[in-house]
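J.: In the working numbering, the protein residues as written are 78 to 289.
The reader is advised that the hints may include incorrect statements.
Claimed, not checked - Derived DEER-like restraints, expressed as beta-carbon distance ranges:
#, residue 1, residue 2, range
1, 131, 188, 34 to 42 Å
2, 178, 134, 42 to 50 Å
3, 127, 155, 22 to 30 Å
4, 111, 158, 17 to 25 Å
5, 281, 202, 32 to 40 Å
6, 244, 160, 34 to 42 Å
7, 208, 256, 29 to 37 Å
8, 131, 243, 16 to 24 Å
9, 215, 161, 45 to 53 Å
10, 241, 210, 34 to 42 Å
11, 180, 119, 14 to 22 Å
Said to hold, decoys possible - No farther apart than 25 Å at their CA atoms in a straight line, the calculated lysine-lysine pairs in the DSS-like style are these:
#, residue 1, residue 2
12, 202, 186
13, 186, 249
14, 249, 138
None of these hints come from the bench; they were simulated from the model.
No residue lacks a Cβ here, since even glycine has one placed at the ideal position from N, Cα and C.
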Amino acid sequence: MVRRLCLAAVALYCCIACQGNTTVGDPATSTPVEAIWSVQELDFHFQATHAYYTCGGLTDKIQRILLAVGARPNLSVRMHCPASPLITSAHVRIVLTTPVRATAENVRKATTFDSRERLAARLLKVRLPTAADLEHFPAEWRDVAFSRGDLVRLEPGDCELMTQLREQVFTKLALRMSERPPRCATTGTRILPDYRVVALMPARRTSVASAP
């Protein structure tokens, strides 16, 4: 909660050029849409039956996947890991900032805070953003193919991870599933997963204020 609050407050004061850390894929449409930054806290419950991960390896992979679909680099991926070196399950808390269309509903969500957040703002002496504070910028829908490029580094055993991220996390972001069905096999193959989505990202060659 405090993490989301601080990220929202930082948006009022930081300005940098929108850079290409999430330029995976090609534009899916040439028509830009008006967007704002949205901060979300998400819970992700992961359970693997055919793959093993180190705690750090799973954290890094989830971060890379979220960066590829438009999350800002300061996202937070935290999980409680058991003492064993390899894990097959994890409860993950994700705090991330992504573009969303600047609809009236999304603007309302970005500027609505519960009583705990308002109390934390007073204690931390931070100013909560209002609708007038939100930075509006052009964004575009962009194809993201996880089967190519080295940003994500998917492996054959990542099918369950991608499937569960799609079901629990992707549905809460400004993402559209590609018309091409995913290629994924959980066992007995060395074929890399082929997942494709269409993600809303800041338009290229456009300077906008930094996300929180």
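J.: Now look at each hint and say whether the structure bears it out.
T.: Status of each hint after checking the structure:
Between residue 131 and residue 188 the beta carbon distance is about 39 Å. The supplied range of 34 to 42 Å therefore holds. Take residue 178 and residue 134: their Cβ atoms lie about 34 Å apart, and the range 42 to 50 Å is violated. Separated by about 25 Å at the C-beta atoms, residue 127 and residue 155 satisfy the suggested range of 22 to 30 Å. Taking the beta carbon of each, residue 111 and residue 158 are about 41 Å apart, not inside 17 to 25 Å as hinted.
Range check, residue 281 to residue 202: Cβ separation about 37 Å, and the 32 to 40 Å hint holds. The supplied range of 34 to 42 Å is broken by residue 244 and residue 160, whose beta-carbon atoms lie about 29 Å from each other. In this structure the supplied range 29 to 37 Å holds for residue 208 paired with residue 256, their Cβ-Cβ distance being about 35 Å. In this structure the hint that residue 131 and residue 243 lie 16 to 24 Å apart at CB holds, the actual value being about 23 Å.
Distance hint check: the CB atoms of residue 215 and residue 161 are about 47 Å apart, consistent with the given range 45 to 53 Å. Separation of residue 241 from residue 210 is about 35 Å and conforms to the stated range, judged on CB atoms against 34 to 42 Å. For residue 180 and residue 119, the hinted distance range of 14 to 22 Å is satisfied, since their beta carbons lie about 20 Å from each other. For the hint linking residue 202 to residue 186, the alpha-carbon distance of about 21 Å falls within 25 Å, and the restraint holds.
For the hint pairing residue 186 with residue 249, the CA-to-CA distance comes to about 13 Å; that is within 25 Å, so the pair holds. Between the alpha carbons of residue 249 and residue 138 the distance comes to roughly 19 Å, so the proposed pair stays at or under 25 Å and holds.
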